[in-house]
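Trainee: Chain residues, written in single-letter form:
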Amino acid sequence: MNHLNEFQKNGCWATVVSHLLVCLMMICLTISFAQLLGRFLPLSGSLPLWGGVIAGEAFLSYRVTRAKSPFSTEWLLARGAEWVVLLAVIKLIIELQHGLGMLLRDLPRWEQNFGPAFFNGEYMSVLFVLITVWVLSTFFTSDLAEMEGNELGLHTTLMNTEQIAHVQATAAMYGMRVDDDTIPSNRREIHNRLLSRTLTVGVMMVIIAGLLRQDRVTLWQGQTLAQASVINVVLYFILGLGLFSQTNFMALRAAWGYEHAKIHRHLVSRWVFYSLVFILGLGVLAFILPTRYSLGFLDTLMYFLGFLRMIVEFVIGIIMLPVLLIFRLLALILGSGSEKAEPVENQPAAPIETPVQDMPVDTYLPWWDVFKSFIFWGFFIAILGFAVYQYLKQNQALLAVLRRLPVWQWFQQAWQWLRGQVRTVRRGANTVVQAGWKKLRALRIKPVSASKWRFMNPYRFTPRQQVIFFYLALVRRGKEAGLPRHPSQTPYEYARFIEPGLIEQTEAVTDMTEEFLDARYSHHEVTSEQASRVKRAWDRLRKVLISKRRRSEGREPGVTGK
Amino acid sequence: MGNYLLFLLVLLVVAAVVRGDFAFSVLYLFLGAYILGKWWSGKALSNVTCQRLFEPNAFLGEDVTVRLVVRNRGWLPIAWLRLYESLPVELTIPNAVNQVITLGARSQSTVIYNLQSRKRGYYPIGPLFTSTGDLLGLSREQQEQGDIDHLTVYPKIIPLTRPNLPSRSPQGTLRSYQPIFEDPSRVLSKRDYVAGDSLRRVDWKASAALGRLQVKQFEPSIAHETAIFLDLHNSDYDHHFRINSTELAIVIAASLANWVIAKKQAVGLVTNGVDQLDASQTSKPLLPRKGRGHLTHVLETLARLQTAETFSIADLLRRESPHLAWGTTLVVITGKVDEILFDELFQARRRGLNAVIILAGRAVDWQETQRKANLFGFRAFAFQNERDMDTWRQ
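As you go down the protein sequences, you meet chains C and B in turn.
Number 173 in the numbering used here belongs to position 173 of the first sequence; there are no gaps in the numbering.
Number 348 in the numbering used here belongs to position 348 of the second sequence; there are no gaps in the numbering.
Bear in mind the hints are in silico, worked out from the structure with no lab data behind them.
Errors might be hidden in some of the hints.
Stated by the list, open to error - Some chain C residues flagged as far from chain B (calculated, every beta-carbon gap over 12 Å):
#1 ALA88
#2 GLY202
#3 ILE231
#4 VAL233
#5 ALA255
#6 LYS393
#7 GLN409
Unchecked claim - Quick list of in silico lysine-lysine cross-link-like pairs, DSS-like style, CA-CA up to 27 Å:
#8 C:LYS393 <-> B:LYS216
#9 B:LYS190 <-> C:LYS262
#10 B:LYS190 <-> B:LYS205
#11 B:LYS190 <-> C:LYS393
#12 C:LYS479 <-> C:LYS548
#13 C:LYS262 <-> B:LYS290
#14 B:LYS205 <-> B:LYS216
The structure displayed is predicted, hence computed values, not measured ones.
For glycine and all other residues, C-beta sits at the position ideal for the given N, C-alpha and C.
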C-alpha cells in the first residue's frame with residue numbers, strides 16, 4: 001500500500017510540475033504576442049503576467065468542468081459564465097491601467113454605443129492574445145489530465161475498496177481526479193501529441209521573433225522599433241524540454257505501473273536532477289555554438305580549400321626542401337663568377353594597391369570568426385544531411401525510386417570512386433608516414449660501437465655474474481691468443497680444446513668451466529668463495545693467455561707493445 | 001520522431017530565412033537533445049553488466065537466494081534502467097524481478113530474490129532483460145538481453161535403511177551372511193592347517209613363527225555394485241498417471257543411489273530418458289562408481305531427466321548390460337514389465353548379473369508380474385507412492 005501511495009504521490013507531483021511548466025511556457029508565448037501586437041498598438045506591459053493567470057485559470061476551469069459532459073447544459077452554463085467573467089475582468093483591468101477617471105469617462109459611452117465603445121482595438125488585441133493562450137492552455141491541460149486520469153485503473157487488481165478510497169483521497173488533496181472506471185490510456189501517444197503541440201507553438205514563436213528582427217524599413221514601414229528580445233523564445237523551448245522530460249516520466253511511470261514494475265524510491269529525484277543537468281548542459285552548448293556567420297557558405301568553402309592547399313604546399317615544401325637546398329648549393333658553386341644583379345635604383349615605386357572591400361576572402365578576418373563560420377556551416381550541412389537521411393529512411397519507396405534513377409547511380413559511382421581515392425591516398429600517406437617514422441626512429445637509436453670502451457666493474461657484480469664474467473673473459477682472451485671458441489662447442493668441449501695449449505693450467509681451466517656451468521645453468525646459490533676461486537684461476541690463466549698472444553704476435557715477454 | 005524531424009526542418013528554414021541566431025540556438029538545443037539523448041542511453045546501456053550470484057545446485061525444498069548485481073561501469077549515470085528477469089514459474093511467483101532502478105556513475109545496485117526449489121529440474125535463470133531510454137522520450141528505448149544461468153534442483157531423496165538388494169559379487173565392503181563369498185582381502189583369523197585346506201591359504205610367516213602350518217580364515221563379504229536402469233519411456237507408463245509415476249521412479253532411483261553410495265559401494269545410472277542439456281539424444285550412461293562426487297553426478301542427471309518417446313527399457317538392457325561387471329545388481333525401475341523385458345533380464349542373469357524389478361506408480365497386472373518374477377527368480381517390488389517405500393525404511 002505504501003508503494004502505491006508513493007506511486008500516486010509521484011504522479012501527482014509530476015502533474016503539478018508539468019502544469020507549472022506549461023504556465024511558464026504560456027507566459028513566454030504571451031511575451032511574443034505582446035511584442036508583435038506592440039508594433040501596432042500600445043499594449044500594457046503586464047500582459048505576459050495576465051497570460052500566466054489565464055493559463056492557470058484554464059487549468060482550474062478544465063478541472064472543474066471535466067466531470068461535465070461537453071456541450072451539455074451544465075457545461076455550457078459553466079463555460080459561458082467563465083467567459084463573461086473573464087471578458088469583464090480583462091476589460092476592467094485594461095481600463096484601470098489607464099486610470100479610474102478613464103473608466104468613469106468610458107462608462108457613459110458604453111451606454112450610448114456599446115459595441116464599438118466596449119470592444120475597442122486595444123481590448124480586442126488583448127482579448128485575442130489571451131483567448132489564444134487560454135485555448136492552448138486548455139489543450140495542454142487536457143493532454144496532461146488524460147495522462148493522469150487512470151492511475152487507479154492500473155492498480156485496481158491489487159487494491160481493495162478501502163485502498164481505492166484512500167488513493168482517491170490522496171489524489172484529491174492535490175486537486176486531481178481519480179476514476180476507478182477509466183481504461184488505461186495510451187500515454188506515449190499523448191506524450192507525442194504534447195511534443196507536437198509544443199513544437200508547433202515554438203515554431204510560431206520563432207517566426208514571430210524572426211519577423212520582429214527583420215529589417216524594419218522593409219517590414220515595418222520604417223518605424224523605429226526597439227530590438228525584440230528573444231530570450232522568451234529560447235526559454236520557451238528550454239521549458240518545453242522540461243515538459244517533455246516530465247511527460248516522458250509520466251508515460252513511462254504509467255507503463256511500469258501497468259506492468260507492476262517496482263520503481264526505485266530515488267528514481268523521481270534523480271530523474272529531476274539528471275533532467276536539469278541535461279537540459280542546462282544542452283542550453284550551455286546551444287549558447288556556446290556559433291549562431292551567426294561572418295562568411296557565407298562559398299567563402300567558407302574557399303577558406304577551407306585554401307587551408308587544405310596550404311597544408312599540401314607545406315608538405316610538398318618539406319619534401320622538396322633537400323632538393324631545393326642542393327639546387328641552391330649548385331647555384332652558389334656554379335654561379336659564383338656570374339654577374340650579380342645590380343640593385344635597381346631610381347625606379348618608380350610600385351603603385352600601392354587599394355584593398356578590395358568586397359572580397360571577404362582576401363580581407364583579414366579574425367581567426368575566431370573564421371572558425372565560427374566553419375563550425376556553423378559544418379553544423380548546417382550536418383543538420384541538412386541528417387534531415388535528408390531521415391526523410392529517405394522513412395520513405396523507402398521514394399528511396400527505391402531514386403535508386404533506379406541514372407543520376408543516383410552516377411552519384412553512387414562517383415561516391416565509390418571518391419571513397420576509393422581517399423582510401424588510396426590514406427594508405428599512401430600512412431605508408432609514407434610509417435616509413436618516415438621508422439627512419440626517424442632509426443636515427444634516434446644510435447648503434448653501439450663494438451669498439452667503444454665501456455668500463456665495467458666486476459666487483460660490483462653478484463658472485464654468479466662474476467663467475468660468468470671471468471669465463472667470458474677467458475673466451476675473449478683465448479680468442480686473442482689463437483684459441484677461439486667455435487659456436488657449436490660446449491664449455492667442456494672448449495675446455496678440452498684449450499687444455500693442450502695451457503698444459504700447466506688445466507686445473508684452472510677445469511675449475512673455471514665447472515663453476516661457469518654451475519653459475520650459468522643451475523639454480524644453486526653461487527657463493528663469493530666460488531667467485532674468488534674462479535678469479536684466482538682467471539688471474540693465472542690471463543697471464544698465460546697474454547703471453548701466448550704476444551708470442552703469436554712475435555713479441556717477447558716483457559716487451560710492452562702499443 | 002516524424003514531428004520532431006519536421007520541426008527541425010522548419011526551424012532550419014526559418015533560421016536560414018530570418019538569419020536569426022536564436023533560431024540556431026534552438027536548433028542546436030533540440031538537435032543536441034535528440035543526438036545526446038540517444039547517445040547517452042545507448043552508451044549507458046553498453047556499460048551495464050549484470051551478474052547473478054547463487055548456488056547452482058539445490059535440494060528439494062531449499063530456498064535459493066539469488067543476488068543480481070547490476071553494475072554501471074561507465075561514467076555516465078543511468079536515469080532509469082528497467083530490469084526484468086525471466087524466471088521459471090515452478091520456482092517463483094511471476095514478476096519476481098520487475099524493477100526500475102537508477103544507477104549513478106560507476107555504481108552498482110543489487111537485487112535480491114529467492115527461488116523456492118519446489119520441483120526437481122534443471123531450470124534456466126534468466127535472461128535478464130534490461131532497457132533504458134533518454135530522459136525526454138525522443139528516441140526509442142534501448143534493450144538488451146543478458147545471459148542465462150541454470151539452477152539444478154535435485155530430486156527428492158528418501159533415506160533408506162534396508163532395501164535388501166541382492167548381490168553376487170564376492171569382494172566388497174559389506175559383510176555377507178553367505179559363507180560362500182569369502183573375501184581374500186579381509187583376513188578374519190588364522191587356524192591350524194587341516195587336510196584339504198588350499199595351500200593358497202597357508203600363512204607362511206605365521207607358520208614359520210609358530211612352527212606349524214597356519215591357514216588364513218577370510219571374512220565373507222559382498223559388493224553391491226549396482227546399476228540402476230531407469231525407464232522413462234512414455235509408453236511404459238499409464239498415460240493417466242505418467243507424470244506422477246515417472247517422478248516416483250526418479251525418486252526411487254535417487255534414493256537407491258544415495259543408499260548405495262552411503263554404503264561406500266558403486267552405483268551407476270542408465271536411462272532412456274532425455275537429458276535437458278541435450279534434448280536431441282538420451283542421457284549418457286553413468287557407469288558404476290563410488291563416492292559423493294559420483295552421487296552428485298547421478299543426482300544432477302536425475303534432475304535433468306525428462307520422459308520421451310525414445311526406446312524401450314528392454315532395448316536399453318540389451319545394449320548396456322553387457323558392459324557391466326559380473327555380479328552387478330541390475331535395478332530396473334519401470335512402469336510395466338512385459339515378456340521381452342523378462343527375457344532380457346533372464347539373459348542378464350545368465351551373464352552373472354543380479355536383477356531386481358521395481359514397478360513405479362500404478363502397476364498393471366502386478367500379481368502376474370510378481371508371479372513371473374518369482375518364476376524367473378528375480379525380486380520384484382511395486383511402489384504406488386512414496387509411502388510404499390517405507391518398507392525399505394524399517
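Trainee: Each hint should be assessed against the structure and marked as holding or not.
Mentor: Quick rundown of the hints versus the structure:
1. Every CB of chain B lies more than 12 Å from the CB of ALA88 of chain C, the least distance being 37 Å, so the non-interface label holds.
2. Not every Cβ of chain B is farther than 12 Å from the Cβ of GLY202 of chain C; the closest lies at roughly 7 Å, contradicting the non-interface assignment.
3. Against the 12 Å criterion, ILE231 of chain C falls within the reach of chain B, whose nearest CB is about 8 Å from its own CB.
4. In this structure VAL233 of chain C is not separated from chain B by more than 12 Å, as the shortest Cβ-Cβ distance comes to only about 6 Å.
5. Non-interface status of ALA255 of chain C relative to chain B is broken: a Cβ of that chain comes within 12 Å, the nearest being about 9 Å off.
6. Look at LYS393 of chain C: its CB is around 10 Å from the nearest CB on chain B, not clear of 12 Å, so calling it non-interface is violated.
7. Non-interface call for GLN409 of chain C relative to chain B: holds, since the shortest CB-CB distance, roughly 27 Å, exceeds 12 Å.
8. For the given pair, LYS393 of chain C sits about 95 Å from LYS216 of chain B by alpha-carbon distance, which is inconsistent with the 27 Å threshold.
9. Taking the CA atoms of LYS190 of chain B and LYS262 of chain C, the gap is about 78 Å. The hint is violated against a cut of 27 Å.
10. Between LYS190 of chain B and LYS205 of chain B, the direct Cα distance comes to roughly 12 Å. Compliance with the 27 Å bound is thereby established for this hinted pair.
11. Note on LYS190 of chain B and LYS393 of chain C: the hinted pairing is violated, with a Cα-Cα distance of about 97 Å set against a maximum of 27 Å.
12. For the hint pairing LYS479 of chain C with LYS548 of chain C, the CA-to-CA distance comes to about 11 Å; that is within 27 Å, so the pair holds.
13. Our distance criterion of 27 Å between C-alpha atoms is broken by LYS262 of chain C and LYS290 of chain B, whose separation comes to about 49 Å.
14. Note on LYS205 of chain B and LYS216 of chain B: the hinted pairing holds, with a Cα-Cα distance of about 11 Å set against a maximum of 27 Å.
Hint violations for this structure: numbers 2, 3, 4, 5, 6, 8, 9, 11, 13, all remaining hints satisfied.
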